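K.L.:
Just so you know, we're using this note's numbering here: the sequence shown kicks off at 1 and counts up by one.
A hint or two may mislead.
[Stated by the list, open to error] Computed cross-link-like contacts, PhoX-like style, restricted to lysine-lysine with a CA-CA straight-line distance of at most 20 Å:
1) LYS547 x LYS612
2) LYS563 x LYS609
3) LYS533 x LYS553
4) LYS446 x LYS492
5) LYS508 x LYS547
6) LYS609 x LYS492
7) LYS492 x LYS445
8) LYS219 x LYS238
9) LYS591 x LYS545
10) LYS609 x LYS553
11) LYS553 x LYS612
12) LYS591 x LYS466
13) LYS600 x LYS540
14) LYS547 x LYS591
15) LYS492 x LYS536
16) LYS540 x LYS612
17) LYS612 x LYS560
18) LYS560 x LYS573
Just so you know, these hints were derived from the structure itself, not from any lab.
Bear in mind the structure is a predicted one, so any value in this text is a computation, not a measurement.
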Amino acid sequence: MMKRSWFSIFLVVGLLALLGLLAALQYVWLGQISDADKDRITRRLQTDTERFGEDFNREIQTAYVNFQSDEALWLNKDWAQFNDRYDFWREKTAYPELITDFYYFENKPGGVLRYDAEKRAFIETGWTDELQNIKAKSTDEKTFEPVDEANFALVMTIFEEAKSFERILIRKERKPETLAEAKMQPVPTSINLPERRGFLVIKLDENIVKNQILPDLAKKHFPENDFNLAVVSRSGQKIFETREVTSADSSVQLFDLTPDNLIFFANQNILPRSPERQAEGVRVNQGKLQTHSVSTIESESITVGKLPEKRQTAGKTFSFRLKDNEKPKTIFQAATMTQPGNWTLNVQHSAGSLDKFIAGTRNKNLGISFGILGLLAVSIILIFVSAQRARIFAQRQIDFVSSVSHEFRTPLAVIYSAGENLADGVAHEEKQVSRYGELIKNEGKKLSVMVEQILDFAGANSGKMKYDFRVQSVGNIIENALQECRSMIEDKGFTLVTELAENLPDVKADAVALSQAIQNLVGNSLKYSNGEKWLKISAKNGGGKIKIVVEDKGIGIAPKDLKHIFEPFFRAKAVVDEQIHGNGLGLSLVKETVEAHGGKISVESEVGKGSKFMIELPQKE
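The task is simple: from the sequences and hints, build the whole structure.
P.N.:
Laid out in structure tokens, this is it:
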């Protein structure tokens with residue numbers, strides 16, 4: 001049995017250690033999965049954010065680029081060409097109400113023209129404070145910006161006709177990595193850009209941008225509402241917001257008209273609605289569309305050969321390299337967009353940040369994983385404990401059968417012997433017959449009590465135990481119990497002390513069952529006496545409860561056994577060693593009966609000094 005017990009313990013410990021190892025591996029694996037998820041979500045977020053920015057900027061850039069024009073249109077008042085561009089733009093754009101007005105004024109004192117959509121022509125109009133403000137900023141090269149955020153307008157420069165080249169090579173400058181490479185860098189020279197003749201102002205509808213374009217793009221690129229979006233201006237003003245953004249996980253510039261989209265035109269009639277992501281130089285000659293890829297401009301100058309002059313535009317110097325074997329051609333327009341994004345789109349995960357979301361997901365996964373492993377560990381422990389309890393219970397049942405057999409054997413032997421003597425005529429005198437008869441009666445009563453206990457225990461555990469609850473007097477129940485035990489008390493020479501309070505309230509109880517419970521406690525006090533033959537029964541009322549106490553000065557109960565004494569078949573080792581007869585069912589039946597009456601039983605005991613059993617019953621309502 002000991003070897004089997006140790007084997008079970010080692011098996012349980014081994015399984016728990018294995019679960020611990022699995023938990024450690026799970027922690028590492030989930031960490032790796034979380035890192036991979038973070039990289040994937042970060043890339044996806046950056047892609048979605050950039051696409052949001054591309055779509056928004058494309059809508060604005062299309063509105064800007066579509067109306068690029070040369071000086072001739074405005075000198076000749078060629079409104080038909082402008083109308084074609086306007087019609088083309090309205091046909092292709094998803095937001096035809098985005099542009100509310102067009103204004104044109106020259107780069108000198110004079111009037112201002114406003115586009116009349118009904119008359120399909122530019123007509124004279126009066127200056128407003130807003131237009132005066134736009135002109136003041138536009139005519140000053142230091143303050144010129146193609147996006148006028150304050151007035152929600154795009155400002156386009158109309159240049160004079162100028163000379164340029166059939167092919168233009170835009171070079172992206174970088175820092176040389178070696179000294180030899182640095183010596184190979186060409187010496188930059190610059191060209192004089194065309195004179196600025198006038199300005200076309202494209203007024204945008206702020207409500208369309210805020211209430212249509214931005215919400216549509218938010219639904220398109222972030223449909224699951226897992227992210228908070230906020231668009232803020234350079235001054236920090238909130239333009240659009242789905243939910244508050246405190247710290248951006250990803251950002252992109254909006255209203256971006258930087259040299260990524262540097263556009264060149266010659267004899268332009270119609271432009272495509274959506275230019276490609278790669279920056280392109282665009283030509284339209286005699287109705288044919290030609291494109292030439294260009295590089296992003298990162299430096300303040302782009303080198304050009306054999307052209308000595310230079311000009312500053314919007315704080316930047318631009319120049320171009322020309323192949324020596326090519327002749328210059330006329331270019332009618334050079335549009336330079338050097339302003340960075342005026343707005344910033346900030347995207348934040350709804351959990352507070354992407355890191356918090358990943359950490360929360362990881363913690364949740366760890367919690368679930370560890371919870372499952374924990375349940376497995378608890379299950380293993382519970383199975384082990386249950387197996388141990390079952391083993392102990394089985395052993396108690398074996399001990400119970402042994403003790404009951406012994407308990408039955410003694411009375412049966414006495415009854416058999418007495419009956420045999422009577423049958424054989426050994427006892428023929430009246431007194432002898434009476435004595436044998438009394439002996440048989442008492443032993444038969446013992447057998448009857450044991451059988452009743454076993455039947456009661458079986459009934460209680462099967463749920464078939466029936467109680468006849470009626471209003472009863474506690475005093476009468478105690479007196480009846482003592483009356484049944486009086487002969488046993490007197491035979492053993494015990495001193496009985498009773499303290500029953502007067503006017504005890506009635507209780508709703510099964511008198512027979514409760515009396516048997518008290519008899520069990522009295523019988524235990526008599527059985528487990530320690531030479532001090534003293535027994536006390538008291539009953540009193542207090543706190544809505546009736547307390548019945550059975551107290552003795554017997555051998556007492558060891559502290560380690562106190563928590564087990566109400567368990568079926570349990571018998572303390574000291575009692576077994578003393579060979580005190582019993583079956584271990586009495587106190588479990590007492591507990592069952594008391595709890596069936598809505599009460600509770602407790603015990604106080606000290607080894608060698610006695611025990612005190614206390615029954616608390618609720619008063620009749």
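K.L.:
Taking the hints in turn, state whether each one holds.
P.N.:
Hint check results:
no.	hint	verdict
1	LYS547 x LYS612	holds, 12 Å
2	LYS563 x LYS609	holds, 18 Å
3	LYS533 x LYS553	holds, 7 Å
4	LYS446 x LYS492	holds, 16 Å
5	LYS508 x LYS547	holds, 14 Å
6	LYS609 x LYS492	holds, 19 Å
7	LYS492 x LYS445	holds, 17 Å
8	LYS219 x LYS238	holds, 19 Å
9	LYS591 x LYS545	holds, 17 Å
10	LYS609 x LYS553	holds, 5 Å
11	LYS553 x LYS612	holds, 9 Å
12	LYS591 x LYS466	holds, 15 Å
13	LYS600 x LYS540	holds, 15 Å
14	LYS547 x LYS591	holds, 15 Å
15	LYS492 x LYS536	holds, 15 Å
16	LYS540 x LYS612	holds, 15 Å
17	LYS612 x LYS560	holds, 16 Å
18	LYS560 x LYS573	holds, 11 Å
Checked against the numbered hints above, the structure violates none of them.
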